[in-house]
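Please put together the full structure from these sequences, using the hints given.
Number of protein chains: 2
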Amino acid sequence: MTTLPTPDIAAAKAALAHLDIEENENAIKRASRDFFWYSPVLKTRMDHLLADFVVRPKSEAEVIEVLKTCYAYDVPVTTRGAGTGNYGQAMPMRGGCVMHLVHMNKVISCAPGRVIVEPGCVLKDLDAHCIGACGYESRMMPSTWATATVGGFVAGGSGGVGSVTWGQLRDLGNIIRLRVVTMEEEPRILEFRGEELARVSHGYGTNGIITELELPLAPAYDWVHCFITTKDFGAAMACAEDLANEDGILLKLASVFEAPTAKAYFKRMEAYVEEDDHMVGLMVAPHAMDALITYLGRRDDLSLIYRSDDNDWPRSPGVAFEYGWNHTTLRALKVNPEITYLQVRYGFPDHKELIEKIRAAFGDELIQHLEAIRMNGKVAFAGLTMVKFTTEERLDEIIRIHEEAGALIFNPHRYTLEEGGRQHSDERQLSFKKEADPKGLLNPGKMISFETPDFDFKDIYAYPGMTPLPTEDA
Amino acid sequence: MTTLPTPDIAAAKAALAHLDIEENENAIKRASRDFFWYSPVLKTRMDHLLADFVVRPKSEAEVIEVLKTCYAYDVPVTTRGAGTGNYGQAMPMRGGCVMHLVHMNKVISCAPGRVIVEPGCVLKDLDAHCIGACGYESRMMPSTWATATVGGFVAGGSGGVGSVTWGQLRDLGNIIRLRVVTMEEEPRILEFRGEELARVSHGYGTNGIITELELPLAPAYDWVHCFITTKDFGAAMACAEDLANEDGILLKLASVFEAPTAKAYFKRMEAYVEEDDHMVGLMVAPHAMDALITYLGRRDDLSLIYRSDDNDWPRSPGVAFEYGWNHTTLRALKVNPEITYLQVRYGFPDHKELIEKIRAAFGDELIQHLEAIRMNGKVAFAGLTMVKFTTEERLDEIIRIHEEAGALIFNPHRYTLEEGGRQHSDERQLSFKKEADPKGLLNPGKMISFETPDFDFKDIYAYPGMTPLPTEDA
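Just so you know, the protein sequences line up as chains A and B, in that order.
Counted the way my numbering counts, the first sequence spans residues 24 to 497.
Counted the way my numbering counts, the second sequence spans residues 24 to 497.
What the hints contain is simulated information worked out from the structure, not anything from laboratory work.
Be careful, since some hints might not be right.
Repeated chains share a single entry, so a pair holds when one copy, or any two copies, can fit it.
Subject to a maximum C-alpha distance of 25 Å in a straight line, what follows is the list of computed SDA-like cross-link-like pairs (lysine to any residue) [unchecked claim]: (1) LYS254 x GLU293; (2) LYS375 x GLY400; (3) LYS457 x PHE215; (4) LYS129 x ARG211; (5) LYS286 x ARG137; (6) LYS375 x ASN399; (7) LYS147 x ALA134; (8) LYS375 x ASN268; (9) LYS457 x SER472; (10) LYS147 x PRO135; (11) LYS411 x LYS457.
Written out as structure tokens, the structure reads:
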């Protein structure tokens, strides 16, 4: 492990005193947390983490000042947006400075098909701006769109709402340009395009701080939010997949919720569904609604129970995407705090068979939640499976059974890039970290290959530099 | 065969004399022809066909008047737009009236994502209107976009430029609504949506006349036209397919031209390519160009020789789509009048293997021309194979070899719906024809199931009612 020198917190704080620094203890605590608590595994390990101070730069020049100052005083810097990530990406592993980009929220320019924006812009605000300016919106977004920032999404996310059409953030063309500041004695400003984007996108801010993003946009529609029920789980999967494969039907979301998700966890659905109803949630462009109805007319095993443009529900269930992606688990957690989840990829062409096989193997210990996504041009499923948590050992066993069956797991019970990803180091990210963060101060503890190059991935990685857990006496 | 009564041409013409009727003999001859001459088979059979008169209605009311009058006087009515179809769709098989919809060219309304338009609107004009009004354009178009009409495309086409993203016209969601007039004693006006669209779309005007279309639109971009060369035909196929499978890269066209197409038939390419260069033609959204360049950077077997937004060619080659789809054969025909073509579907997932197999079987009798298209959500290829024509028998044999290998042929050397399609009758079209055209006057000779229900498809269908070929003495 790279040895980190002792930080001089007081000196760094004093040097940055003219910036917007948070002094309130509760606010510092809030800014030191993301949605790591989705995972009982991360909850036991990260709940105590706390920044020494929080700074909110207003410009790229202030970001540079923060990085340069913290470099000089050996202070770790963990950068965050809204903190809606749930792999512990924004948790300050050894305290130090949390740099909150909330003030850097300007849309710099937008045109049909592309936008240039600062990282702290909330996706909801970004879309409102772009829709107003040119009738376009983000291609992809997390279900936390209403609060999440665009920089946080690109630095910590992989896809989401919109991936049913546009694929993943890492796919060619889904990020155009990133402007990045390094953490060196004299921070540099770099512009990354093309192959270089992989150095810092989905890098958790471990090897550079994104200060500007250029992203492609998608045409904005008044999406119609639809919910469909069926007694047959296979029919629910087929419905989402079929519609995603209809080239003339524009979707932004196609989620599948195994029974009893809708009845048990979706309060505003409760009166309209039964315990054994599987559900499909959709976002459909208004001019594709006729085609959706035509498709449903061919399927007597599917019932459209709600469409946002035409219904008699006295209380709106809200937008479909706030039932999908990570919101599904969030809603379930509110009802049953014992629930946690997995992130799974079921690759084309055997995705449905694989899901049925896994479903048969587990009974009601798992509740299937799928999102139709495009991977290399083929529709298949991402799984955000809900798990009735018992022990860490059983959770690891569940994961192993998935992997042995042929499913790819992105383990959300790990806080490192490697363990949450494909379990091997990314040479592009690592080599850039060595160059851009020579002291290893950027979001320390998140890149195993930098900290502990010989790690064997047999057990969960425990970052040796992490602020120790408080003792029971403390 | 349904017996057609003898038409009273003079009476019909007199009754319609207050409409815009063409009197000029050469103009009547021009209005009696489409692009049937792409096929040497159709050329020998249809070259003599001639309307008795041509009428150009200005409104739906006038369309109704034409149909009602022609019904009363037993006059066949063949409806046409620009006549750019090449299955002989718009050829008046037994003379009578050619109804030319050139005056019905209004865009009635357009909004982001959809347009309502009259059938005679030229696609180029439609797109200009929609781009100006709301930044949108047609999802799909033939390569004859500059002259073809939207009604002719829907009544006679199946897809084209744009199908790489949007699939085929027949796919759910690619047509929203058609307004149709029947040919009865009292013509009715019908509105078709959903499943009913299949009754009249791609019906060659045999069972109703489309007087209004509601179609979805796609966002309009300043498409960048690109040409890529390679010495390896497999690399050319892979390039088109890979890019079409990149979910973050927006394409409108991905054409593959086997050598020596570019050198031999594309005059403006001649100086930039060699005899053994295979070529890929692309239309790429401007904000996806970085991603295209990134992709090409990974492939040293591909050379980008032209991009319309950045090049030093003294003379522009023009738009990429005027090299693709039916324009490829058109360009080849201008150089070598012996060339004709096939229309082939190579279905996912064995499309590339099938193409290589067929390519190996024929040597230079065929020149491969492929268009990447989406079929049920999967990228595969349509083939518009160029054929060095020798005899009808050999052409039929070439087709048979394709079919035996597993390729689907839409035979462009046949003038009927069935033979140009899937070789069986479409019950929806037939039942609607019986209802909407009880006298069998609408584009007679094009629907075998109506004329000759027991036809066995062993040989080319010869419509018994067709105006006889002139004798040699005549």
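Verification of the supplied hints:
no., hint, verdict
1, LYS254 x GLU293, "within (16 Å within a copy, 62 Å between copies)"
2, LYS375 x GLY400, "both (17 Å within a copy, 16 Å between copies)"
3, LYS457 x PHE215, "within (17 Å within a copy, 64 Å between copies)"
4, LYS129 x ARG211, "within (22 Å within a copy, 57 Å between copies)"
5, LYS286 x ARG137, "neither (40 Å within a copy, 37 Å between copies)"
6, LYS375 x ASN399, "both (17 Å within a copy, 17 Å between copies)"
7, LYS147 x ALA134, "both (17 Å within a copy, 24 Å between copies)"
8, LYS375 x ASN268, "both (14 Å within a copy, 21 Å between copies)"
9, LYS457 x SER472, "within (11 Å within a copy, 73 Å between copies)"
10, LYS147 x PRO135, "both (18 Å within a copy, 21 Å between copies)"
11, LYS411 x LYS457, "neither (40 Å within a copy, 61 Å between copies)"
The earlier numbered hints that this structure contradicts are 5, 11.
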